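When you get a sec, could you build the whole thing from the sequences and use the hints?
Sequence order for the protein chains is A and B.
Taking our numbering, the leading residue of the first sequence gets 1, the next gets one more, and so forth.
Taking our numbering, the leading residue of the second sequence gets 1, the next gets one more, and so forth.
Just so you know, the hints here were simulated from the structure itself, not pulled from any lab data.
Just so it is clear, the structure is predicted and the values come from calculations on it, not from any experiment.
Accuracy of the hints is not assured; some may be wrong.
Unchecked claim - Selected chain B positions facing chain A (Cβ under 10 Å, derived; list incomplete):
1. P140
2. I144
3. A147
4. T148
5. W159
6. I211
7. N215
8. G279
9. L282
10. Q287
11. F298
12. G304
13. L306
What the hints assert, rightly or not - Simulated coverage check for chain A against chain B, where a stretch passes if three residues somewhere in it have a Cβ under 8 Å from a Cβ of chain B:
14. 108–122
15. 125–133
16. 240–252
Glycine included, C-beta positions come from ideal geometry on N, C-alpha and C.
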Amino acid sequence: MSEQKKKNEFIYFAFRNKKLLVGLAIILIFLVLGLIGPFLTDNEPFAYANPLGAQPPSSEYWFGTTFFGQDVFSQFVKGLRATFLVGAIGGGLGTIIGMLIGFTAGYRGGVVDEILNALTNIVLVIPTLAVLLIIAAYLEVRSIFTECLFIGFTAWPWTARAIRAQTFSLRTREFVDLAKLSGMKSIKIIFTEIAPNMMSYLLLTFILQFGGAILTAATLDFIGLGPTNAISLGLMMQYAVLWGALQFGTWWWFVPPGLAITSIVGALYSMNVGLDEVFNPKLREM
Amino acid sequence: MKRYFGRKILVYLLTFFLAVTIDWMIPRFMPGDPIRNMLTRVSVSSNPIAIQKMYDYYSHLFGLDLPLWQQYFNFWKSLFQGDLGISTYIFPTPVAKVLLRAIPYDGFLLVPSILLSWYAGNKFGAFAARSKWLDNTVSPLGYILTATPYMWLGILLAWFFGIVLGIFPIAGAYSYSMSPNLSWRFIGSVLHHWFLPFASLFLVGFGGWAIGMRNMIIYELEADYSHYLGALGAPKKLIRKYAFNNAVLPQITGLALQLGVIVAGALVTEVVFSYPGIGYLLLAAIQNQDYFLIQGCFLFIIIGVLLANFTIDIVYILVDPRTRRGMTGETA
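In structure tokens, the structure reads:
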């Protein structure tokens, strides 16, 4: 009964939290645009649709066309899909690996913890992007999916560290001891006794990983190590800069992709703060 | 404290070892064949015998025909001799020399932007916390800034100040019509070219630190010791000072954690402004498939980040008295 009451309380505060609602609304708008956008245009992202070259937005080309006459809107909505895909898969993978390592290290302790902690610290210090770019530079063909894998496998350390610390403080509680006494397996204790107690924290972590993966992907794409067979928002910005969109003042080429990334990541951060306030009564505004 | 340092140094050494190993391993174990790629790209000849000859020649030149353990050993040896290979993009300059030329620009861009944005962001975040009006205006701005991809902010600044208003140059580290010398005119030109890349790095960092500090201060002001001080009748200013001192420690650790992201940001900012640091070199190296240069950039970035991390560790010890007294608890 009290569990039910607590849930209702969260929902009550969630629906009254402006930061959460605004963030969620922005994400949903872009998600819908990414899902239905490609059906609203007949132009393929890379097709040379407009023979006039770079033209400002018009009724025919909603976001204008690039230097080569490619439809910016068509690139943009396909790029949005790539962005959400990288966020969900890359960020999701980062969270899952971080959870596995953090739970194991925190719950086991001892030598296992020492080793995993050293590993975490090492990967934490290495600038992720440097590793990503050296791997990506040697891959001839890259897809969005490989990009997700790269990002997921390098983004986990801070998550692992934070979850390890939380697990550490939870594993000496009475209810965990009780579970141990009753002969429960470690893995079951972690997932039925410890994880539920930090559900809110895991959700916040995933949101931050989602945003981080999007920014990392944009950076990789912009340096020229993005997917070789697809379009993304970062690639749009790279092409725009490479083909002189700045000098020619074709702002419609580079404003939409950056604006979308900023809005999506900003909305995620806003949701994060909002959810934090929902879960943590101390932070709620009086 | 000795133990704390010992552990830190051990982690850094291990990291360096691992990084060098990755640097060595990736070209050798990735799918694809760098030498074959190089030959097909230059397409010197269609004669298979000639190609095989060249292939053998280059394999021997790069030492790829030796047993693996020997290659690995040689890699370390040449690394300690400062030999990172020859750049094929700026042939025949040694990679180490190309990189050393670029380093000053990176330092000039990164050090001021990191330190100033950290300082200003923390001060401002502490100032904005628990002040309703400031919090409502500044916090959203901070979130937007920290969510902005570095290159996009760079592109916008370059476009607005460089093209629309035309008051700042958008390419190079100094005017193309000058050669480096120690005159005021040249220094002025350097600063003029430096300002926009600096500003875009500064702004993104500023937003992040301001928000981080604002959130930390709110946690600290709700902590028991703050309430206790308040109950004792301590002035608000004193309580805030204590809160700031406590909140600044995680921000120092945060700086160490953020270094990788900041460096990545600097790389793309340099690309936007054609600023001749490592980032700009890296793009050229990738576009020209200059693998030695890519590997060299990787090593330099790793070494730079490790050194910066170490500096932050020392600063942390100087700032936090508890680490000095050995009350470290969670250290490495």
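Hints, verified against the model:
1. P140: Result: holds, 8 Å to nearest chain A Cβ.
2. I144: Hint on I144 of chain B: holds, closest Cβ of chain A at ~5 Å, below 10 Å.
3. A147: Because about 4 Å separates A147 of chain B from the closest Cβ in chain A, which is inside the 10 Å limit, the hint holds.
4. T148: holds (5 Å)
5. W159: holds (5 Å)
6. I211: Result: holds, 8 Å to nearest chain A Cβ.
7. N215: holds (8 Å)
8. G279: holds (8 Å)
9. L282: Since the shortest Cβ distance to chain A is 7 Å, the answer is holds.
10. Q287: holds (6 Å)
11. F298: With a closest approach of 5 Å, the F298 of chain B hint holds.
12. G304: It holds, given that the least Cβ distance between G304 of chain B and chain A is near 9 Å, below 10 Å.
13. L306: Given a least distance of 7 Å, the restraint on L306 of chain B holds.
14. 108–122: Check passed, 4 qualifying residues.
15. 125–133: Holds, because 8 residues of the region 125–133 of chain A bring their Cβ atoms closer than 8 Å to Cβ atoms of chain B.
16. 240–252: holds (count 6)
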